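In case you want the letters, here they are:
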Amino acid sequence: GAVVSQHPSRVICKSGTSVKIECRSLDFQATTMFWYRQFPKQSLMLMATSNEGSKATYEQGVEKDKFLINHASLTLSTLTVTSAHPEDSSFYICSAPRGGDYGYTFGSGTRLTVV
Amino acid sequence: KNQVEQSPQSLIILEGKNCTLQCNYTVSPFSNLRWYKQDTGRGPVSLTIMTFSENTKSNGRYTATLDADTKQSSLHITASQLSDSASYICVVIKYGGSQGNLIFGKGTKLSVKP
Numbered sequence: 019g020a021v022v023s024q025h026p027s028r029v030i031c032k033s034g035t036s037v038k039i040e041c042r043s044l045d046f047q048a049t050t051m052f053w054y055r056q057f058p059k060q061s062l063m064l065m066a067t068s069n070e071g072s073k074a075t076y077e078q079g080v081e082k083d084k085f086l087i088n089h090a091s092l093t094l095s096t097l098t099v100t101s102a103h104p105e106d107s108s109f110y111i112c113s114a115p116r117g118g119d120y121g122y123t124f125g126s127g128t129r130l131t132v133v
Numbered sequence: 076k077n078q079v080e081q082s083p084q085s086l087i088i089l090e091g092k093n094c095t096l097q098c099n100y101t102v103s104p105f106s107n108l109r110w111y112k113q114d115t116g117r118g119p120v121s122l123t124i125m126t127f128s129e130n131t132k133s134n135g136r137y138t139a140t141l142d143a144d145t146k147q148s149s150l151h152i153t154a155s156q157l158s159d160s161a162s163y164i165c166v167v168i169k170y171g172g173s174q175g176n177l178i179f180g181k182g183t184k185l186s187v188k189p
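Heads up: the sequence lines are chains A and B, in that order. For the first sequence, the positions run 19 to 133 when this note's numbering is used. For the second sequence, the positions run 76 to 189 when this note's numbering is used.
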């Protein structure tokens, strides 16, 4: 089956520092990776779409300079939260489609806490 | 407006009992509908995928139904187990356009008590 490995699962960082989250597709090539943010008791909100070899597409209201996305290879996409602030504390999840509109596989999520 | 509404927001049942979760949507054009199970602090895991022509689909103790005319879906859980405690998310995929056209419901938080 399709597996997306997401690391780290949990990270605590100080305000002003940067945090990198990685998502790797283990048994398929992910030319596209979606990055979501989820607040408690809320649904997943799409932040951006990364495409291998090209610039990421950001949703309205998401600061591209704050949430840096890199999709350097067909199996790796990264999200870097720069100059993190406590309000960036959230649950971040990646997802890769496999085969058209079928088979979206989600990573296990990263709980980011900024203190 | 493309929306996915789930009910109830939360549900508590005793182990061994059955339950049914509801999902109403206004997404158009419709491609398919998925139910996901999300354990606390984990990413969603797919339970079922239903296309326009499918009315019922089962996956073990999970049975999903879809009425494309009324734009309603349900997820029925039979003989619940403690491990079923999680959030269940209904996701509707819009047809065509970007592959990012996933419309998420807010989920139903299910708690199964012994």
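These are computed hints drawn from the structure, not numbers from a lab. These numbers come from a predicted model, not from an experiment. Keep in mind that the hints are not guaranteed to be accurate.
Unchecked claim - Quick list of in silico lysine-lysine cross-link-like pairs, BS3-like style, CA-CA up to 27 Å:
(1) B/92 to B/169
(2) A/82 to B/112
(3) B/181 to A/82
(4) B/181 to A/59
(5) B/188 to A/59
(6) A/73 to B/92
(7) B/76 to B/146
(8) B/76 to A/82
(9) A/84 to B/181
(10) A/59 to B/169
(11) B/76 to A/38
(12) A/59 to B/92
(13) B/92 to B/181
(14) A/59 to B/112
Said to hold, decoys possible - Label pairs and their computed distance ranges (CB to CB):
(15) B/128 to A/133: 20 to 28 Å
(16) A/58 to B/78: 40 to 48 Å
(17) B/128 to A/57: 34 to 42 Å
(18) A/78 to B/89: 40 to 48 Å
(19) A/34 to B/154: 48 to 56 Å
(20) B/132 to A/77: 37 to 45 Å
(21) A/45 to B/116: 17 to 25 Å
(22) A/34 to B/97: 22 to 30 Å
Said to hold, decoys possible - Negatives, chain A to chain B, calculated, CB over 10 Å:
(23) 46
(24) 59
(25) 101
For glycine and all other residues, C-beta sits at the position ideal for the given N, C-alpha and C.
Here is how each hint holds up against the structure:
1. B/92 to B/169: The hint is violated at about 34 Å.
2. A/82 to B/112: violated (30 Å)
3. B/181 to A/82: holds (25 Å)
4. B/181 to A/59: Judged against 27 Å, a Cα distance of about 7 Å means the pair holds.
5. B/188 to A/59: holds (20 Å)
6. A/73 to B/92: violated (49 Å)
7. B/76 to B/146: holds (14 Å)
8. B/76 to A/82: holds (26 Å)
9. A/84 to B/181: holds (26 Å)
10. A/59 to B/169: holds (24 Å)
11. B/76 to A/38: Answer violated: residue 76 of chain B to residue 38 of chain A is near 34 Å, above 27 Å.
12. A/59 to B/92: Cα-Cα ~24 Å, so holds.
13. B/92 to B/181: holds (24 Å)
14. A/59 to B/112: Holds - the C-alpha atoms of residue 112 of chain B and residue 59 of chain A are around 14 Å apart, at most 27 Å.
15. B/128 to A/133: 20 to 28 Å: Given a distance of about 51 Å, which is not inside 20 to 28 Å, the answer is violated.
16. A/58 to B/78: 40 to 48 Å: Check failed, 20 Å falls outside 40 to 48 Å.
17. B/128 to A/57: 34 to 42 Å: holds (36 Å)
18. A/78 to B/89: 40 to 48 Å: Holds, at about 44 Å.
19. A/34 to B/154: 48 to 56 Å: Given about 51 Å between the Cβ atoms, the range holds.
20. B/132 to A/77: 37 to 45 Å: Given about 31 Å between the Cβ atoms, the range is violated.
21. A/45 to B/116: 17 to 25 Å: Roughly 24 Å apart at Cβ, these two residues keep to the hinted range, so it holds.
22. A/34 to B/97: 22 to 30 Å: 45 Å Cβ-Cβ, so the 22 to 30 Å window is violated.
23. 46: holds (14 Å)
24. 59: The assertion about residue 59 of chain A is violated, with a minimum of 7 Å to chain B.
25. 101: holds (25 Å)
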